[in-house]
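Student: Residue numbers (our numbering), protein chains in the order written: chain A, 25 to 401; chain B, 392 to 516.
All the pointers check out, no bait thrown in.
Derived pair list, reagent style BS3-like, types lysine-lysine, alpha-carbon separation capped at 27 Å: (1) A:K382 - B:K491; (2) B:K439 - A:K382; (3) A:K390 - A:K292; (4) A:K244 - A:K41; (5) A:K313 - A:K292; (6) A:K313 - A:K390; (7) A:K41 - A:K154; (8) A:K54 - B:K508; (9) A:K54 - A:K244.
Please keep in mind that the hints were generated in silico from the structure rather than gathered at the bench.
Small disclaimer: the values here were computed from a predicted structure and weren't measured.
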Amino acid sequence: MSATRVVLMSDTSSTQKTVLYSLHVELGAKMVPFAGYDMPVQYPDGILNEHLHTREAAGLFDVSHMGQVVISGENTAQAIEALIPGDIQALSPGEMRYSFLTNNQGGILDDLIVTRRENDLFVVVNAACKEQDIALLANGLAGKAEVTELTDRALVALQGPKAAAVLSRFAPEVATMSFMNYREVEIEGVSCFVTRSGYTGEDGFEISIPNKQAEAICRKLLGESEVKPIGLGARDSLRLEAGLCLYGHDKTESTTPISACLIRAISKRRREEGGFPGSEIIQTEIANKPAVKRVGILPEGRAPAREHTEITDEAGNVIGEITSGGFSPSLGIPIAMGYVPLDFSAVGTKINLLVRGKPRPAVVAKMPFVEQRYYRG
Amino acid sequence: MSYKFTEDHEWVLLEGDVATIGISDYAQGQLGDVVYVEVPTVGDEIAKGDELAVVESVKAASEVYSPVSGEVIDVNTELEGAPTMVNEDAMESGWFARIKVTNSSDLDDLMDEATYKTFVEGLDE
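With the hints as extra help, turn the sequences into a complete structure.
Tutor: See below:
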C-alpha cells in the first residue's frame, strides 16, 4: 500500500513544534509534518468521529502554527489597504474582516484575518505563508507602521455548537460576542485575545494565549465534558463541508478573488476605489466576469475525487480540475470543489470527473455543503 | 494454509491455487476510517505488483498492489455498501479480491505472520 508508507517515512527532524506538542503526544495524537510544524493530524478517536463531534458538541484545535502579527502606527487601517482589498477603515475597534494579500496580477498571495483594535491591527496569517506575509507587510508598510510577529502566543480554536456554552463558563462576556468580533478577556486569570471566528462553518472562537499558560488553559477546556481535541484531518473535512477554500489549493497566486468567488470580501468602496495590488485586473474581472470560477461538486456514487482530479464536460473534453475533494462525514457522501469555465458553473451542470482515468459522473452543486452556523447575535 | 504478508502491508491467503488478498490490521489502523474501496473486476488479468484495489480513507487514497499474478475470480462486493468492514475485520470479511494464481512461487518471498509482526514492530520504533 502506497500512502501508508509515506506516512511511516515522514521525516519530522527538521520541523518546529508548537507549545502544545507534548499535550498532543500525551493525548495519543498521530503527528505529521505540516507547513514546517509537527502537527496532530488525528487523535485516537479518528478523523470521522472528531469531525462529527465538532458538528455536535465542541472541538479544540491547535492552530499555533499560524502567524499572529500586530501592526502598530498612525493610520494603520488606511495604510494596510494599499496591500489588501479588505475595507479595514470601515471596521470599528473590536471588529474583524477576512481578506487577502494580492499580487500585481490580482492573484492571491495568502488569505488573512485583520482585526481592528483600539490602537493597532491584529492579523492572523497562514503558517505556510507566514514569513512571506510578514516580509510583505513590513516592506509595504515601511515608514508608516511597525509589523511585529507575536511569537510568544499560542492560538487555539474552539469550534462547535457547544463552544459558546463552554467558553462562557471561563469568560461570561464571550457569550454575547457576535461572529467576526474581538475581545480581550481573562481566562483563568490570563489575558487572552478572543475572536468569534473559525474555519469549520460552526459557531466558535479562536483564542490567542500566552505560550506559558497555553497548555494549562487547553487542559481546562478539554476538561469540559463537551470538548474533545481535534486534528488537522477533521479541520480539513470540516472546512470543505462549509465550502471554505484552503490557501495553496482552492486559491493560489494564479487565482483572483473573483474567480475564487470571494468577491464579498471586497466592499463596494474598495471595488470602486481600487488602490491595492492588482486592483485594475480585479476591477476588470468584476465588470467582465472571470474566465473560470470556483464551484462545489457532488460526485455520483461513493468514490471521492481528490485534489488534481481532472474535470471534463460530458463529451470528455478536460475543462478544469478539482482543488479540494474528499469524503463528507456529515453527509456520508463524497464532496469536492474545483474550477470550471463560467459556462459550466451553474448549479446542476453535469460534468465528469476522471478518477484514476475513468470518467465518473458528477454535478455542479451549491456550497456550503453543510449549513454554516455562525452566531450573529 | 497460513497468511503471508508484503512489506506494503497486503496479506495473502492461498487455498489451493486461489489467493485471497486484503490489507493487514496494522494497515487499516494507519489509514483510519475507510470510506470507499475500489475493487477490480472479475476476469481482470493482474500481474504481481499491479494495482489491485484502491482504499480511500477520509484523508487520502492508497493503492493496494497485488502480491501475485493471475486472474481475478471474485471480488468483495459487500465493501461497496460497507467499506468500514476493512477497519472492523481487515483480516477476514474485509478482503478485497480472490485471484487464481498463475505461479504459487509468487508467495515465496513474502513474510509469514511472525516475521511480519516483527517487521511492523520495527516500523513503530
